[in-house]
Amino acid sequence: MAGSEAITMEGVGKRYGEKHALDGLDLSVRRGTVHGVLGPNGAGKTTAVRIMATLLRQDSGTARVAGYDVRTQAGEVRRRIGLLGQHAALDEELSGRQNLEMFGRLYHLGARRAGARADELLDRFGLAGTGGKAVKRYSGGMRRRLDLAASLITEPEVLFLDEPTTGLDPRGRTEVWNAVRSLVGGGTTVLLTTQYLEEADQLADRVSVVARGRVIADGTVDELKGRLGGDRIDVVVRDAGRLAEAAALLPAGAAVDPDRRLVSAPVADRMAALTRAVRELAAAGVEAEDIAVRRPTLDEVFLHLTDELRLTETPAAARTEVPA
Amino acid sequence: MSALGSAVTWAAADSWTMTRRELAHWARQPAQVVVGLVFPVMLLLMFGYLIGGGRGVDGAYVDYLVPGMLALTMAFGLESTMLSVTRDLDKGVIDRFRAMPMADGAVLVGRSAADMLQSAVGLAVMLAVGYAVGWRPGGGAGALAATAGLLLLLRFAMLWVGIHLAMVAGRPELVQAVQILIWPVGFLSTAFAAPASMPDWLAAAVEWNPVSATATAVRDLVGAPGAAAAAGGSWAAEHAALLAVAWPLLLVAVFLPLAVGRFRRLGG
Numbered sequence: 001m002a003g004s005e006a007i008t009m010e011g012v013g014k015r016y017g018e019k020h021a022l023d024g025l026d027l028s029v030r031r032g033t034v035h036g037v038l039g040p041n042g043a044g045k046t047t048a049v050r051i052m053a054t055l056l057r058q059d060s061g062t063a064r065v066a067g068y069d070v071r072t073q074a075g076e077v078r079r080r081i082g083l084l085g086q087h088a089a090l091d092e093e094l095s096g097r098q099n100l101e102m103f104g105r106l107y108h109l110g111a112r113r114a115g116a117r118a119d120e121l122l123d124r125f126g127l128a129g130t131g132g133k134a135v136k137r138y139s140g141g142m143r144r145r146l147d148l149a150a151s152l153i154t155e156p157e158v159l160f161l162d163e164p165t166t167g168l169d170p171r172g173r174t175e176v177w178n179a180v181r182s183l184v185g186g187g188t189t190v191l192l193t194t195q196y197l198e199e200a201d202q203l204a205d206r207v208s209v210v211a212r213g214r215v216i217a218d219g220t221v222d223e224l225k226g227r228l229g230g231d232r233i234d235v236v237v238r239d240a241g242r243l244a245e246a247a248a249l250l251p252a253g254a255a256v257d258p259d260r261r262l263v264s265a266p267v268a269d270r271m272a273a274l275t276r277a278v279r280e281l282a283a284a285g286v287e288a289e290d291i292a293v294r295r296p297t298l299d300e301v302f303l304h305l306t307d308e309l310r311l312t313e314t315p316a317a318a319r320t321e322v323p324a
Numbered sequence: 325m326s327a328l329g330s331a332v333t334w335a336a337a338d339s340w341t342m343t344r345r346e347l348a349h350w351a352r353q354p355a356q357v358v359v360g361l362v363f364p365v366m367l368l369l370m371f372g373y374l375i376g377g378g379r380g381v382d383g384a385y386v387d388y389l390v391p392g393m394l395a396l397t398m399a400f401g402l403e404s405t406m407l408s409v410t411r412d413l414d415k416g417v418i419d420r421f422r423a424m425p426m427a428d429g430a431v432l433v434g435r436s437a438a439d440m441l442q443s444a445v446g447l448a449v450m451l452a453v454g455y456a457v458g459w460r461p462g463g464g465a466g467a468l469a470a471t472a473g474l475l476l477l478l479r480f481a482m483l484w485v486g487i488h489l490a491m492v493a494g495r496p497e498l499v500q501a502v503q504i505l506i507w508p509v510g511f512l513s514t515a516f517a518a519p520a521s522m523p524d525w526l527a528a529a530v531e532w533n534p535v536s537a538t539a540t541a542v543r544d545l546v547g548a549p550g551a552a553a554a555a556g557g558s559w560a561a562e563h564a565a566l567l568a569v570a571w572p573l574l575l576v577a578v579f580l581p582l583a584v585g586r587f588r589r590l591g592g
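Protein chains in written order, with my numbering: chain U, 1 to 324; chain Y, 325 to 592.
Possibly wrong hints are sitting among the right ones.
[As the list claims (entries may be wrong)] Derived DSS-like pairs (lysine-lysine); straight-line CA-CA distance at most 27 Å:
(1) Y:K415 - U:K136
(2) U:K19 - Y:K415
(3) Y:K415 - U:K133
Honestly, the hints are just simulated from the structure, not real lab data. Please read all numbers here as calculations on a predicted model, not as lab measurements.
Looking at chain U on its own, in the form it has when it is part of the complex:
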């Protein structure tokens, strides 16, 4: 494989009628890393993954995966990738084992090795006991694990995980996270899309934030958080009349939400800020119902990044839509 990049996308565009699903997406993922693509519904994450996995053709721009062009060398790309899509890519009528064996045969492992590999993967993903059951009787978490197992039959160079935990309960999410973590270190490059900052935080080395089909920010999770002003402290006070007082006691930049009796302020040092808030609120006699330090939500990330974008983009530099 040429170069140190497992994935490069340059100016990739994809339109559905009038709508730009991707509007000049640039992405670069180093080999052996986990890269998070973070964005809300409709940002273009799935479209980008489907293009990289050769399921969809882009209208413009180039995309290379594992050193091969996805459009002109799709066959080479397909030999080197694994895909965990948003919807289970499994045969629901067949058993878990039958699915894995079938995919193994399609990778031309041969009947014997396909069967052995199926058993190995069922075992590794904790499905050995239910390998004979039809997939349609699996729980959401089991389905996802089997789907992930199917993506790993040939130990791909590049693995795409498209919102791997959306729709799973917390237990299912933990199962999938653990499975993904166990892959890293084996040299596989992982591209992960998610709507949850926490998920990117847990799994990704670097993150690209996508909105309206373009990358609006990228960097390590810590770098992004730095740009956001990091964590926040939330205080819910018992008496709405004392909200202003509570806001004055918290770090600068506190926002007040009277309906929820909530004061929220950015903090630099999580534990120190929490201790100080508890002490000062108690000293002032402001009763708190709840105090918590939390990570910024994706909504806050977006508000912040799109605000930043508006401020830095001069009218001349702003893109104007040219009808094609």
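Start from chain U and add chain Y according to the hints.
Just chain Y, lined up with the frame of chain U:
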């Protein structure tokens, strides 16, 4: 091995894997397979005993009816093909197939092999039931083999029509519309009734129906008494054997490339 040779081996292996997948589906859902086999038998018994009667046919109605039912069963195979294809496309599994280094068209070849196998079994059942209700085909083993060949050729044509229509229709709900439409198209044939019993304009349409061509050709092959007279007097009726081959070939020539092309372009 040459590049072409290895590509063919690769494609054959993938197609066989896809055929095995369909066979595994049957093993897991035997009830569905049985229903698929029983339905045409039911139709045959219903028309033979319940509705019965001559419909402008000389001789024993069973000799007329069984070849018609065989042809109609093959034509109605379109429905099961469409249903399987739309169900497949509706699911994510096709995405996984397409993101794998799989031979082009193996999914369709697998579908086609499995459907043909199912139809061959269905045909054997129908022949046996026909015999049980008193149908005695003439012409010996050669005629019977030619009969099976013509019928499976019609089924093969309907298979590719079905794959293409399923991909055009997309969702299973739209398939229902086609399922309803296939009934009048199938029944507007010489399967149950001789065109002589129909108004002229209807008889003309009926005689040109591919189902009629196969039904009439089979009747001629196994020597159903009065079949020639019952088939009608048009060019189509007189050249049924030719049409029974030409119609399916034409349908395959049109719909096979369309279906394969559509499958390749699934990714837009």
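For each hint, the structure was consulted:
As the CA atoms of Y:K415 and U:K136 are separated by approximately 12 Å, the hinted pair is consistent with the 27 Å bound. Distance restraint check for U:K19 and Y:K415: the Cα-Cα separation of roughly 25 Å lies within the 27 Å cut-off, and the hinted pair is therefore satisfied. Annotation: proposed proximity of Y:K415 to U:K133 holds, straight-line Cα distance about 19 Å (limit 27 Å).
Every hint, counting from the list given before, is met by this structure.
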